[in-house]
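**Q** As given, the protein sequences belong to chains V and F, one line each in that order. Residue 251 in the working numbering sits at position 251 of the first sequence; the count goes up by one each step and never skips. Each number in the working numbering corresponds to the 1-based position in the second sequence with 281 added.
Read the hints as simulated data drawn from the structure, not as lab findings. Even for Gly, the Cβ is constructed at its ideal location relative to N, Cα and C. Where hints are given, some of them may not hold.
Part of the chain V face toward chain F, derived, beta carbon under 10 Å [what the hints assert, rightly or not]:
id, residue
1, MET53
2, VAL124
3, LEU125
4, LEU209
5, PHE210
6, ALA213
7, PHE215
8, GLN219
9, ASP226
10, THR228
11, VAL237
12, VAL242
13, ASN244
14, MET245
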Amino acid sequence: MSRQAIQRLGFAVLTIVAVLVVAPIFLVVAVVVFRGLQGISWEFLTAMPRDGMKAGGIFPAIVGTLLLTSGTALVAVPMGLGGAIYLSEYAHDNWLTRAVRLALVNLAGIPSIVYGLFGLGLFVLFLRLGTSVVAGSLTLAMMTIPVIISTAEEALRAVPTEFRTVNLSLGGSRWQGIRRIVLPQALPGITTGIILGLLRAAGETAPILFTVAAFYMPQLPRSPLDQTMALPYHLYVISTQVPNMPGTIQYGTALVLLALVLSMNILASVIRTYFRRRRQW
Amino acid sequence: MCAGARLGFLLLAVTLLGGCEVRPDRTPEPTSSSAAQVIENKGSDTMVNLALAWAEAFMQIYPDVRISVTGGGSGTGIAAMINGTVDVANASREMKPEEIASARANGIEPLEHQVARDAIAIVVNPANPISQLTLQQVSDIFVGKITRWSQVGGEDRPIVLLSRESNSGTHVYFLEEVIRLGDTKSHLLFSPETLLLPSSEGIVAEVRSNPNAIGYDGLGYVTADQKVVAVAREPSGPFILPSVTTVHDATYPIARPLYMYTCGRPEGALDLYLRWIASEGQALVRELGFVPLK
Chain V
1 MSRQAIQRLG FAVLTIVAVL VVAPIFLVVA VVVFRGLQGI SWEFLTAMPR DGMKAGGIFP
61 AIVGTLLLTS GTALVAVPMG LGGAIYLSEY AHDNWLTRAV RLALVNLAGI PSIVYGLFGL
121 GLFVLFLRLG TSVVAGSLTL AMMTIPVIIS TAEEALRAVP TEFRTVNLSL GGSRWQGIRR
181 IVLPQALPGI TTGIILGLLR AAGETAPILF TVAAFYMPQL PRSPLDQTMA LPYHLYVIST
241 QVPNMPGTIQ YGTALVLLAL VLSMNILASV IRTYFRRRRQ W
Chain F
282 MCAGARLGFL LLAVTLLGGC EVRPDRTPEP TSSSAAQVIE NKGSDTMVNL ALAWAEAFMQ
342 IYPDVRISVT GGGSGTGIAA MINGTVDVAN ASREMKPEEI ASARANGIEP LEHQVARDAI
402 AIVVNPANPI SQLTLQQVSD IFVGKITRWS QVGGEDRPIV LLSRESNSGT HVYFLEEVIR
462 LGDTKSHLLF SPETLLLPSS EGIVAEVRSN PNAIGYDGLG YVTADQKVVA VAREPSGPFI
522 LPSVTTVHDA TYPIARPLYM YTCGRPEGAL DLYLRWIASE GQALVRELGF VPLK
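The following block holds chain F by itself, in its conformation from the complex:
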C-alpha cells in the first residue's frame, strides 16, 4: 500500500482530536498476506465502468481480494497517486513529467501499465446529414473557426460544441492530438463557446437531444442513438469509422492507450490483478466497447 504509515498517523490523529470516539476496531493487515488485500483504484471517468467490470469479475474469482473503484477523472487519480492515497491510478493519458516529478518528491515511483486501448469517436445527432470530417475540420470546428454546419457541407445551422471538462484525460488528449493536431508548439484552445460537461454520459445525453451538437467520447460510450462521424487524416481520405479493427491497424486517427499506474512494482494481489487484466480481463474490454491490447 502506498500510504505506508497510515495507521501510526491515525493514532496520532485520534490523540490530536481529543480522543474522539472513532477508532479502528480491527487493525488492517499492513502487508499482503493470506488475509484479504484491499486495492484502492481511482481516476479516469472513461475507464471507470471498465475498471468496475474488471473489479467485479476479478473478485468473483478471488473473493479474498477487495477492490474499490472511484472515478473523478484522470487528473483526480494521478493527484491521488502523487499523494499516496491510492494503489492504482487509472489514466486515459500518460502522466506528465512534472506529475512524475511531484510523485517522486513524495517518495513514490509511478509505474505505467498499459491495460487497453480506446478510440475517441466524434459524435453528432442522428438527424445531422454530416457523415465524415477531416481532422483539420474537426480542429477548426472545436477552436471556433468553423461555426456553422453549412461550412463543412451540412445544413445551415449553428454548431454547438460539447467537451469534457479539463480534469478529464479525454479532454487533454483531444486538445493535444486533435485540436493542436499533435503539434506541441501549437497554442490553440477549445473555443470559449464550448460547453464543458462533467461526464461522458452528459455528452451522450446532449448529442442525443440536440440536432446542432457535436461532441467526442470514448468508443465504449457510443450508443445506437448517436451518429459516429468517419474521420480522415487528409482531405483526400480515406475516411475511417472507429472500431476494434481500425484501431489495431492504426487507420483510425484518434486512438490512445489507457493506463493504470501503480506505486513501484506491484506485489501480491495487485500483481495478480494487473496480470489478470492483461490476459483474461481483455475479454471484458471488448464487451464494454473498448479495444483490447492485442
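Chain V with its partners taken away, still in its complex shape:
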C-alpha cells in the first residue's frame, strides 16, 4: 500500500471515530425532541399533575428545578467567586494554598451521590433543615462551588499581569485593580463557568434525592423549609415507579429538562463569544 493510501485509510478511521462519538448525542436529542413534542402543551407546562401523575402537567417540577438552581446560585456564586479571587490574586504559594487547590481538584471529582449523602447528614439531619429547598440548594451549592472556583480562577489568571502592574504603578490599590480592571476583563470566562456549574446542578438527581425531592407534591413550596418536586427526580420516578405511565409524559419531561439545560448552555456560549469579540488584547 502506498503512503497516500495508508494516510487515506487512517483519516477514514479517524472520521468514523469522530462520527461515532457525535452520533449518540444527535440520536438522543432527536429521539427526545421527536417523542417529547407530542407531550408538550400549555397545560403540560403550567398545570399540576393529576390522576396519579399520569395526566396534567409538570409545573411544580419545573418551578422546583428553577428554585433549586436559584438557591444554589445564591450560595455558590458569592462563595465561589470569593474563593477564586483569593486564590488567584491574594494567596501566597504555601502549604495552605496547595492544600486548598488539592481539595478543590478532589471535590470536583466526588460522585454526586456522595454529596447527596453528605447533605442528608449535615443539612437535613444535623442542622435539622429537614428535606427542604434550603437543604437541597446547599447540597447542590457544595457540589457547584469547586466548579465555579476552578473556572473563575482560570479566567482571572488569563488576564495579563501587566494590567495589574500598570494599575499599581498609577497608584491604584490592589483591590481597586481587581474590582475595576481584572474582574471586568475576566467576567465572560467567570460567567461561563458559573452557568456551566449551575447547569450541572440543575440536571442532577442524586444530591436532591435525600435532601429535597418529593415524589408527589401538587403545590409550589411556600417556604424554603418545604419539599419540592424537581425535573430530574420526577423523570426518574415516572420512568421507574409509576405503572402504565404514558410515554408522552416521560419524553415530554425529558424534553423540558433538556431544553432548560441546552438553553443555558447556549446562553453561556453566546456570552463568551460576545465578550471575546469586544476584547482588545
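Based on these hints, arrange chain F on the given structure of chain V.
**A** Coordinates of chain F only, in the frame set by chain V:
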C-alpha cells in the same frame, strides 16, 4: 410535626454558614391551626402510588392541607421517621423492635396504623406454561435449589430470579414469609444469582420480556401482560390465585398488611387524613389493585 425545633436550628444554620442568603421569607406555622398544614409522607415503594392517590383525592376535599409523598422503600421511610424528618412513614412491613428502640432514643414514639392489605403475586412470563406452585417450591426456586423450570413441571429452561433490593419492605416480607416459610430460626437467603431490581416497575418490565423469569410484586402492580401463578400451602392444594376475596378469607398464603406510622397520636389534619384513609380512602385501595381493610 416531628422535627419540632426545626426553625431554631435553621437560624443557627444560617449563622453557622456565614449568613448565606437563603432565609425563610415566611415563617411556617409551627402547629396545626386554621392555616395550611403540611404532611410529609415517605417510605414504601409498594405504597407510593396508593399514597399519591390518597393525597390527591384528600387535597381535593381539603385544599388547605398540603401533602407531599416520597418513595424510597419502607426502610427509607422508617429511617426518616427515626430521624424525625417525616410526619408519616409508609411501610409494607412492621417496624422491627430495634427500629422502634432507636426511634424512642430520639424521643419519637412511632404509632402504627394499618391502612390496607396487599397480596404478593408470584409472576412469570405469559409464555411460561407453569400455572401453579407450592410455597415450598417457590422457596426452593428463590434459594437456588431448583434452577430449571423442568424441575417443577415446566419446559427445560433455566430459571431467572428477580427480586426487589433489600431496603424494600416487599423484599424483607418475601424473605421471611416465603423463602424462610415464616420460620424465624431459618437462615435461608435469596440465591446469589437473584437479580435485584430497584422498583416494582422494573420487575414488571423484566417479567414481560424474559420468558425464563420469575418475580414477585404487590397485587397492585400486576398487569395483563404478566402471568400470575396460583400458590398452595400444601402440595395437595388447593392452589389459590391472589384476589381481594382470597386475601380476605385468608386462603391466599402470601398476603400482608400495609402500614402508616406516625410520631405519637396524630392531631389536626393528620388525624383527619388517617381517618379518611380508613373510611372513604378505602375505595381507592381497591381501584389501585390492593385489598381494602374490610
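**Q** Output the indices of the hints that this structure fails to meet, ascending.
**A** none
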